[in-house]
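Using the supplied hints, reconstruct the complex from the two chains, each of which is provided in its own coordinate frame.
For the record, the sequence lines run as chains A and B.
For the first sequence, our numbering assigns the number 1 to the initial residue and increments by one for each residue that follows.
For the second sequence, our numbering assigns the number 551 to the initial residue and increments by one for each residue that follows.
Calculated from the structure, these hints are not laboratory results.
The structure presented is a predicted model; accordingly, all values stated were derived computationally and were not measured.
For every residue, glycine included, the Cβ atom is placed at its ideal position computed from N, Cα and C.
All the pointers check out, no bait thrown in.
Facing chain B, according to a computed beta carbon distance under 7 Å, are these residues of chain A, among others: (1) E144; (2) F145; (3) G498.
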Amino acid sequence: MMKNVYKHAFVMMLVGFLLASPAVAAAVFSGENYQPAQDFEMEDLFEKILEEGAELVFANIDQTGGAQVIYGQLGIPSDSLGLDLPMYDGCIVMVLIATYGEFLEYVFELIGADFFGGGSDGDIFALQADMFSLDSIFDMLGTEFTLLVNVFLNLPEGESRSNMQEILNHMGAGNLGFSFAEVFAFRLDQSFFPPEMEITVPFSSLDIYIHQVTNVDAVSTVFETMDASGFLSAIDETEFTDADAAAAGLLAIPDMTALVDMIEGFNPGPAFVTAADYAASQFGNLTLEGPLAIAAVGYIDDQVLDTTSTQLDIFSDLLGGTGSVDPLDQGLSVVIANMPYNVNVTDYSPKNEGLNLTFYDSNSSIVFWNATGLGSQTDYTVYLNASGLPPMITLERSFNPTSCAVGESTTVTVTVTNGGTEPIYNVTLEDLGLSTIYTEITPSGTTANSWPMLGPSESQTISYTVTFPNEGRYTFPGAVMTYDFHGYTFSKDTRKDGFTVTSDLVGLLSQAIADGWPFTGGVLGLVGLVGIYSVWGLVRGRGGSEFYQM
Amino acid sequence: MAFGSKYFGWLAAMGIILAGGWFLLPVGYETLIQWMAPLMGMYVRPTLVMVNILLVNPLTNPVMAGIWIGAGFIGGVMAGTKKGGFVVAFVAWIFCIGMAGFCLIQMFMGGVSLGTFPPIPPGTSLVDILSIPVIQDVIGGIVPMIAGFAGGGGGLTDIFSMVLPLLVWFFVPVVLAVIGGIIGATVRPKE
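Same shape as in the complex, but just chain B (with noise of 0.2 Å):
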């Protein structure tokens, strides 16, 4: 039965992270799914789920990040040990990084032509797109490295300065999951 129990816990903890990408997307991704989605065909919503799903500021998108936690939780909570709720989430963050993957290899398979991009389309503009919280992060980080460079700098430093919360971020939601899974497993462990 641990076998069963972890798979249905990650099951439950896949199902619950897809859906909350899915229909939880900010308003920002869905213009840009609007505008990207007819020329790069059907893979962008999916890729872009998966973005949102993965790339977690705690800070500016605490939804996802309630999430990750509740699904590492439920998750957790099947599983019923430690052992087995670190496992569920670890598994769940990282089929969703395989799945991004293959996301983003199918959109650009989908004969698309580098390069091209069409007009945005009426009724919106750059603005909502820069209401996506990581790319408001991203911005965030940005500006002041452009300073830097204007001051002489723009080394390896600076570059890995924006580097890291992407990275910080990226891993956020599999240290939220097991968190949620081992507390979830602690709150109702298998006798």
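Just chain A, with the same shape it has in the complex (with noise of 0.2 Å):
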């Protein structure tokens, strides 16, 4: 399959993206506030960057045309998150991360480590040595959280924790909004280790708090951190929070010194045995001090180009813009927008490669503006010849009723639809996934069909009912559909879904009292004639002369 021929580059600027914005913003900036490419100087660039700010869009097209998108910002600390207040004093570290969809599966999919077993997604976890895998770890841990991390360095523990309560008040109800429950709290110092392990520490202490948030969505709250006078005026939030799939992180550096000398504390030495020791060093050179903060949202969501499709533009496609599109006010912006390889890049806009403000990589399908150059536009915009791509696929699950109570049914259906103007073949389309889970359930009705062909405009479904005997949240792993079309064969899934089945305290206490009989008969039976017995004292009078002290 096609799938996931181009996943390794893509993933690569996904998850590396942080890092790769100042190189790329180094190659594609020609003035103003910054050295020209030619005069790159990485330890020079990071400072600039870091000091005065950066932003990135990045958008990915994948080749069935369907979209990934990250907007970051680089060194911009909000004034909302009040880093230069006394409660930081300490912290060298914070960092809030959300995920929710199938945001990690994506990318540990799209990273090649297929940690969630491609297609096996979702099969039953079992502790037989031959079946433990890295997937069936993660179908247990769960990929859905919201977290706030921070690290506090060589603090008696009493104000650590202090400095911690104040933040999480800061980040509460008077500012973000935040509500959060502790989830873990450690502390390493040298008490740590017994003596027989002769491991010296090379700090005092080191408190670690993990708090879970509890009450907001966190994509929404990371882009609340953020500087406001750039690409964001332009986006449109809920592109993110309406995804399949999305995730945000903050990372935030109350005191960009602290860290140095930490870093350096634990490698003294300079021998540089790789190049990323090379870079590290560099990076402990830097001369910054004061607070630094790093905020991106990336999402991942369904088909927006398909064979038709003449043109991609990244704003109003894909992040919701309206309006004119600025730049920073002061710092650098970037965007990026990497195409596959089974479209053809005709032209792009707005084009300025005589001042090195835009640039096109032929071989890897990407395009480069430099905003800060560019200034206000109205988006920016790559010209293409998407015949390579498939028509517009969709594939939906729908569930009727959406919950239910214990013993009562739901009927799924699942519906593919050829939106685009040709055929497309061998269309084949299952849902066995929830059965491989729960053996006891045997969904009634068609879970898998295929079709020859599905013709533009038509659409295929296949219909089924679960009867559910427990209460709980029931997972059912994506529907799954495979297709030919121009010789290639594409697949595509849904997410997964989880279906609440409820159970109200007096059905759940009746079928306990019936699983367990005849136990919970003979216990139930003690108890009422001991009541008897006790009512029937009462009745007859007897200590009815004593009374209760008023």
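Here it is as structure tokens:
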């Protein structure tokens, strides 16, 4: 299948975009505040960008026409974080990370780690040694969470906890609206290690606090920590929050000096074994002081381009933009579009290769825009010939009803629709995941089917009914379809769904009593008999002279 | 009447304990139920309710600690004597242990294939489960023990140091209930 052919290139950029953005900026920037590319010095550029800030929109289109978008800001501390307040004394780093949907699964799959088993997504987790795998571990751990991690260095435990509480209060109702629940608190110091280990820690103490954000959509909240003067004013946040899967991250370093000192404390020697060592050493030579923040949001969504597409407007098509797109007032703004190999880029706009403000790499199908140099624009557009992409295929799964009580049923309907102008062939559609997880459940109806052809504007459906014996939230792994188009096989799947089966107190107790019969009957009978005996005693007036003292 | 008052005191205490454990179940337990009940059956919730009731670290689960004191207090008030308050609290605790054991047995007799787990439901993660007070306490005890193992430790002393808090949390409810029961009987003794 074609789906994964190009995955490594994308993910390298996806995961490493924060590190890549300065280099990209250096490659495309031609003047104003920064050195031109030929004079690029990593240390100088890093320092410049971290001091003045940078923003990046990275838009990737995969071989099926699906979109993955990241927006990030680098080096721009938000006032709402209050990083210069005393409560951050001793805090060397604060990380907020939030994911929902199957974002991490997508990322790991694209990286090629295949932690989630590809097509076997949702397979039952078994402890047998021969079946134990990373896929199963991640299936069990889950990948949707919102966490705040703070690390304090060389502070008395009481002081670090006090500062942590102040930070939580600051990020709470008055500012960002977070509510927190502590997940884990951990203190590492010399006393942690038994003397026989002969380990000397290079600090007096390290306190790690992990909190779960319990109340708000962190993806939206990370937006609030960003500088709104640049691209952000042209971005509709709902493009991220309504996507199939999204993630947000915030890395805040209240005091760069303290962090660099700590890193140097870990590795005082200059022996560079790898390029990463060298890069880290250069980073350590920076003279940055004070706070630094990096924030990014990203989403993965369904198909946006098909065989008939002739252009992609980055902001209006992918980011919900409607007005002008302006760069940061101060700092560097960059837009990058990465197109799949089965799409021919015919042109792009705005275009200014003469002043080195734009660049198109035909080998990798990547378009760079230096938005700072280009100034205000209506949009950033890639013109293309997308005949290599498949038609607009939609795959949807619905539940009717969307939740039910124990013993009741739901009807699951999976519909594939060809919204394009050309037929697709050898269409297969399967939704078999549920019964592989819950072996006691046997869906009735059609859970798999195939069709030799699906013409333009045509739909096909499979439908089945599931009856749930127990309460809980049932996992429906994604329904999977494959089809052929222009000699290639494409695949598509729905997102993993959860279906909630509720149980009321009376119903659950009555079922529990029935399941535990005759033992439950014996106990209840005994309690009841004793109760009758006691009531009988009251009626007969035994002990009538006993009163409670008021 | 003495027996009757203890009986109704016990009944009231049990009602308070079970209702508190049921309706004030921490979110993490709820996630665990949503995850495991589809596979392990209807006894998952009652079992975890009993775990929430019986393993109480008053420092991290003050609500449940308060419920045990309150249940003991009401039971003591109804029993009317210190001895009665003690008996009511102790029997309520013993009965809860019995219920927990029964629920556990029923859960594993319900056709569960040991060693199999479904994937954690969409929208949740293990982080939710880590918010369960007892789980947090256990992890807090395990982490230093791991360092001890790495340093050549890991003997019975280390294992005992991890089990000891569990034993303490196990006996905390009965102690709290008995104290509440005696206070209740003292506040409102029979004439």
